[in-house]
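Chemist: Chains as they are written, first to last, in the working numbering: chain A, 264 to 476; chain B, 4 to 503; chain C, 13 to 499.
Rather than coming from a laboratory, the hints here were simulated on the basis of the structure. Any given hint could turn out to be false.
Restraint ranges, calculated between C-beta atoms of paired labels, are given here [unchecked claim]:
| hint | chain 1 | residue 1 | chain 2 | residue 2 | range |
| --- | --- | --- | --- | --- | --- |
| 1 | C | Thr229 | B | Leu465 | 47 to 57 Å |
| 2 | B | Pro75 | C | Gly418 | 18 to 28 Å |
| 3 | B | Glu495 | C | Lys18 | 48 to 58 Å |
| 4 | A | Thr347 | C | His471 | 47 to 57 Å |
| 5 | B | Glu490 | A | Arg318 | 48 to 58 Å |
Glycine is no exception: its CB is placed at the ideal position from the N, C-alpha and C atoms.
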Amino acid sequence: MSEIFEGLSTAVLEGDSKKSVKFVEKALKQDITPQEILDKGLIVGMAEVGVRFKRGDMFVPEVLMSAEAMAAGMDLIRPLLIETGAKLVGKILMGTVKGDLHDIGKNLVSMMCEGNGFEIIDIGFNAEPEKFIAGIKKHQPNIVGMSAMLTTTMRSMGHTIKAIEEAGLRDQVKVIVGGAPVDKEFSERIGADGYGSNAPSGAELALQLVGAA
Amino acid sequence: MQVLKNNYLVNATPTFEVLSEDEIEAIYFAALRVLHETGVRVYEKEGVEVAYSGGAIVEDTTDDSSLVKMPPWMVDRALATLPRKVVVYGPDRNNRMELFKNQIYFGAGSDTPFTIDPYTSKRRRATYQDVKNFARVAQTLPNIDFHMSLGIVQDTAVGTYDRWQYLAMLEGTTKPINITAVDLDGVRDQLEMAYIRLGGKEEWKKGPIFSLYIEPVSPLSHSEEVVQKLLFASDNDIPFVYTPCPLSGATAPSTLAGTAVQALTESLFGIVLSQLRKPGAQVIIGGLMSNMDMKTAVYCYGSPEMALLSAAYTQITKWLGVPEYETAGCSDAKMFDEQAAMEATINISTAALIGGNMIHDVGYIEQGLTSSMEMMVASDEIIDMVKRIMRGIPVNDDTKALDVMEDIGPGGHYLEHDHTYNRFRTEIWRPKMIDRQVYENWELSGSKTYRQRVHERTIEILETETEPILDEAMYKELRRICELADERHKDEELDVDMFS
Amino acid sequence: MRTNYKVNSGTRFRMLSEDQLEELFNGVLHVLENIGLEVHHEESREILKKAGAWVDGLHVRIPSYMVRRALDMAPRSFTLYARDGNPANNIHIGPGRAHFGPGPTCPNFIDVETMERRPYLKSDVPLVARMVDALPNIDFCESLGTVNDVHHELGALYEFAGMFPNTSKPIVAWSYDWDDSAAIHEIAITEAGGQEAFERRPNYVHYCEPLSPLVSTFEALDKLIFAARHRVPLIFTPCPIAGGTAPITPAGIVIQGAAESWMGLVIAQTIQPGLPFFMGGVYSVMDMNAMILSYGAPELSLMMAGITELAHYVGLPLWQTGGCTDSKTFDEQAIIEGSLSVFFSALTGGDMTHDVGYTESAMTGSVFQLAAMDEAIGYSRRITRGIEVNEDTLAVNVINDVGPNGHYLKHEHTRRYYKNEFWYPNVCDRTDYETWDMMGRTTMKDRVVSRVNDILASHQPSPIKPETEKVIKKVLEEAEERVKDHD
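With the hints as extra help, turn the sequences into a complete structure.
Modeler: Put into structure tokens, the structure is as follows:
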């Protein structure tokens with residue numbers, strides 16, 4: 264059984280989505296619980312990815328391939344986890360705010376969050392407050408992530424949070440923000456729950472906010 | 004009789020190239036293919052229509068955008084009317100940039116959210132006063148030829164910061180300015196301000212006193228605001244800088260050649276659209292082209308790839324015959340330290356060698372998020388050093404000095420010879436903040452580091468009183484435009500104070 | 013497929029045109045043939061006279077045809093070998109290849125532990141050599157200093173004895189006199205496996221320095237003759253000072269310096285046809301206020317580019333200068349000046365640039381400067397490597413794949429290129445502000461100091477043969493004996 268866990272975590276470490284899926288299927292056939300698959304296989308692999316990336320031994324494209332392998336495995340066990348009522352890592356609604364077309368940062372942090380086990384609903388760029396609200400209502404995410412590249416579009420972050428409040432949805436979600444001109448002080452001023460200065464820290468922050476870190 | 008040489012080719016300056024002509028062509032033809040077969044997404048209806056009327060293929064139209072594809076002949080036709088030289092003046096028309104092949108000009112960068120306080124060395128959000136101060140510093144530095152804000156004004160209304168920024172710059176400098184604009188309204192307002200500064204709309208015809216910075220999004224995405232600005236600038240004889248900022252490995256291919264192809268595609272779209280709108284519209288292309296550091300996921304401003312890619316792109320623009328927007332004097336360091344010094348020295352050298360035209364971002368640190376006055380002041384000296392090398396080596400009877408050698412002979416010395424005396428002032432570069440003292444004297448004068456001397460010089464510039472550039476009346480008139488803009492846009496502001 | 017496709021392999025830099033180089037070349041010939049030099053070495057004068065030169069007392073003029081013949085005989089391409097046979101540390105001298113290393117003879121050194129400036133000691137030599145051995149962009153070794161705590165006539169020998177066991181990269185050696193050269197040579201050939209083996213695979217280069225203007229000193233020539241007779245690759249280069257011991261103009265200093273080198277070239281090639289021979293030197297200006305030879309001046313890069321291209325024009329490799337500074341401390345000036353000359357050295361393409369790590373106008377050697385310049389060299393090399401343009405790198409299909417508003421982060425094309433296409437720094441920081449703040453707000457200086465300490469704590473060079481160790485011990489004893497009655 265430990266071979267399967269090792270094989271799975273290695274597949275994640277090596278960024279091999281096909282192998283990851285294969286090992287998850289194998290594990291399920293052997294009646295290993297989805298929770299164990301998650302904790303002892305997938306998460307172990309991604310944890311090692313995190314360690315190596317911090318050390319400078321792994322590069323971003325490799326990390327993203329690992330995140331993809333993680334997500335591929337997650338896709339198989341997520342419905343099973345829901346069934347058993349086990350705690351999912353969570354769901355994040357991600358968007359670049361109104362007026363802003365830059366989304367590489369958002370994409371990067373989304374992929375890293377997938378690597379942490381999150382399900383990502385991406386509402387794209389130039390997203391108005393209404394779009395965020397519709398997304399919250401439809402998908403019931405734990406976290407709403409907003410990205411902006413310009414000081415002018417940073418205002419949309421404030422407008423969006425206000426709109427979420429006015430829609431009575433603010434208590435249902437944690438809001439995190441990021442982007443080049445954003446900083447901690449600004450995030451606090453507009454009432455966000457957190458701020459990530461780079462993609463990896465954003466992904467870690469998301470874990471902390473759902474109590475999984 | 005002494006006969007002069009003929010049939011003699013001289014390198015009046017050193018020469019430098021990254022790409023061969025064949026390689027330039029390869030990139031160009033590849034860009035033509037991408038523009039034709041992949042196309043670009045355009046988020047502005049009028050822009051799409053202009054392209055369509057000009058012969059473009061328009062498809063995949065959604066609510067907010069269309070995919071526009073342009074066949075190669077549209078580019079050829081546009082290049083035929085594209086000006087090979089663009090001139091941008093300062094409010095003082097003696098300050099000017101003649102932007103064409105191999106003419107180098109250095110200048111600042113724009114819109115950094117943060118700045119290093121020159122007194123406390125702390126990093127904080129930029130203010131109106133910072134932007135004004137940077138303009139004053141630029142005005143003083145001899146090797147800064149044009150200016151950009153080096154800070155987003157964040158102690159005025161947020162949505163109209165561009166007008167305040169322009170006012171602050173006009174208060175500080177009479178050199179040519181490259182402006183940014185929040186949106187089309189911002190361009191209109193700043194143009195009004197320029198007319199006021201010039202003393203009338205007609206004066207603009209004698210030559211523009213600003214160029215407009217327009218940045219499409221990579222890959223291949225031209226937003227509503229970007230296209231609006233392009234059309235407006237073309238209509239109103241405003242030279243504009245059309246510069247994508249492709250990030251190799253993230254928003255552009257991981258190969259430098261591929262990044263150049265994509266960037267060129269994005270620029271060519273801007274060129275074609277502008278020439279369709281108004282043949283002869285003045286366009287400058289280039290951009291901040293660099294790589295993503297794949298260990299930290301950061302957008303590098305100080306990497307060798309940035310310098311190399313910019314240089315390659317410059318060659319392409321020279322070959323095409325369009326003025327160019329280069330990048331140098333910038334760094335990924337978080338303060339002006341040895342890393343900033345190294346990155347700036349090498350990227351400034353590269354930009355000067357390749358002959359970039361508007362070489363911007365002098366004074367940028369921390370991946371363009373923070374401006375540093377010390378970086379700017381130090382870079383001015385670095386540019387000075389590089390320019391000494393750019394003078395090349397003249398070879399003639401006088402410089403060969405063979406008769407002087409014969410005069411002095413083996414074992415002699417040159418210190419007192421006329422040949423030396425008549426030339427040392429022009430031949431030997433004089434350092435400003437660079438220190439050449441012997442150790443004991445350096446100790447006696449305080450054992451200062453270069454950064455300390457740069458800091459002193461920076462403070463000296465800041466505290467030197469200068470005559471106000473704008474008189475009361477003009478300042479009031481210009482300020483009124485800013486205030487009117489604030490009033491028009493006040494409902495877009497947030498209830499909370501965003502920055503202080 | 014595309015045919016008739018001419019590409020640049022690396023960047024292309026030119027300071028001078030062909031016509032200008034030809035004129036400079038003729039200028040050098042003129043100096044040798046019409047002006048002449050003083051040669052303070054009887055045997056050399058005899059050799060020259062016999063070969064066709066005009067000798068009048070100390071004064072020697074060399075006809076052009078003799079110079080051309082010597083230039084013809086000297087090789088443009090050859091290899092310097094790592095003493096342990098590791099091919100990664102061989103140096104291939106040839107067109108377009110720029111190599112870097114430290115310099116010798118600074119009186120002072122920056123203490124690695126205290127960072128204080130103090131006299132250079134015997135114990136610093138192995139340390140510098142180990143740094144050279146470890147740094148990826150440093151190709152050859154010199155000691156960075158003159159040993160102060162041994163008999164003043166033995167400095168060079170102790171340096172060689174200290175460097176040789178501590179790096180397998182080729183060493184550039186200097187010596188006081190013939191006996192000194194012989195002692196150094198004995199060490200080198202022992203490791204190589206004898207004189208014949210050494211001649212086929214030389215593991216060190218001998219440096220000699222004539223005097224500007226236009227004087228070939230006895231010591232310089234005596235050592236030159238030793239090197240020539242024993243087929244040791246030779247550097248015979250001056251340190252002319254523009255405005256002081258050479259004309260103030262770049263064209264003038266280049267001509268004079270070349271003439272000073274080629275005097276040695278003719279003698280060397282007459283004795284040993286085909287001897288690998290470097291011209292070049294340290295060419296810079298006198299700062300007219302501080303009255304020092306400036307190692308950080310932009311003119312250094314300018315003049316070195318000039319002499320480099322003249323050398324390549326006539327088919328000789330060039331002994332360059334760069335990576336050095338006038339700064340008295342490790343600061344931004346040290347890095348500006350060092351990076352400037354490193355970059356231009358890299359641009360000119362060769363062949364061996366020395367004095368990397370020199371500070372305070374060659375008064376103080378610093379491994380911190382050396383390590384920082386290692387980074388600048390890596391940076392410069394990425395630029396001079398240029399851009400590859402082919403079907404795959406143009407990536408037209410990849411761009412089409414990704415399309416407007418897409419991204420390339422997970423594309424297979426990106427995964428194939430991102431490691432090799434991009435340079436990854438060792439001491440440059442590329443983190444975001446918050447991370448940098450959290451990790452201690454380090455400057456590049458802090459990180460360089462860390463790196464130096466890490467290397468010194470861990471790097472082990474390959475060992476020399478036991479018999480070479482014995483020979484080192486022996487020659488040092490013999491040398492001590494030889495000088496003990498000298499003052």
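Chemist: Could you say whether the range 48 to 58 Å given as a hint is met by the Cβ separation of Glu495(B) and Lys18(C)?
Modeler: 55 Å, holds
Chemist: Has the hinted range 48 to 58 Å been met by the Cβ atoms of Glu490(B) and Arg318(A)?
Modeler: 54 Å, holds
Chemist: I want to verify a distance hint. Is the separation of the beta carbons of Thr229(C) and Leu465(B) within 47 to 57 Å?
Modeler: 54 Å, holds
Chemist: If you check the beta carbons of Pro75(B) and Gly418(C), does the distance land in 18 to 28 Å?
Modeler: 23 Å, holds
Chemist: Okay, Thr347(A) versus His471(C) on CB: inside 47 to 57 Å?
Modeler: 55 Å, holds
In the structure shown, no violation is registered for any of the earlier numbered hints.
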